[in-house]
Amino acid sequence: MNLQKKPSPYLVPKFMRVISAKFPCHCADTGRRIFRGESVYYDPAGRRVFCPRSDMARMYESQQEARNVRAYVDAQETAYFDNFARNL
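Per this note's numbering, the very first residue in the sequence shown carries number 55; after that it's consecutive.
Fair warning: there could be bad hints in the mix.
Pairwise CB distance ranges, derived in the manner of DEER restraints [to be verified]:
(1) V123 <-> C79: 28 to 36 Å
(2) Y134 <-> H80: 44 to 52 Å
(3) Q117 <-> A139: 30 to 38 Å
(4) E92 <-> A139: 47 to 55 Å
(5) A99 <-> D128: 21 to 29 Å
(6) F89 <-> N141: 52 to 60 Å
No wet-lab data here; the hints were simulated from the structure. Using N, Cα and C, we set each Cβ at its ideal position, and we do this for glycine too.
Model the full structure from these sequences, guided by the hints.
Structure (C-alpha cells):
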C-alpha cells in the first residue's frame with residue numbers, strides 16, 4: 055500500500071531552475087536515480103533536486119504555465135485599454 059502524501063501546491067518552490075546534473079544523485083521526491091548530464095529541476099533554497107517525472111516538477115510546470123498565461127492576458131488587456139483611451 056502506497057501512503058505517500060502529495061506535496062501541497064503551496065510548498066512548491068518559486069524559483070526552481072532546470073539544470074543539467076553535474077554528478078549522479080537521487081530525486082528528493084521519488085528517490086529515482088539521476089545520472090550525470092540529465093536535465094533536473096533544482097531548488098536553490100532547499101538545495102534539492104527533482105527529476106522531471108516527480109510531482110514537484112509537474113506542479114512547478116503547471117504554476118509556470120499559469121504565470122505565463124496571466125502575463126499574456128494582462129498584456130493583451132493593457133494594449134486594448136491603451137488603444138481604447140487613445141481613440142477617445
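Looking at the structure, which of the earlier hints fail to hold? Every hint satisfied by this model.
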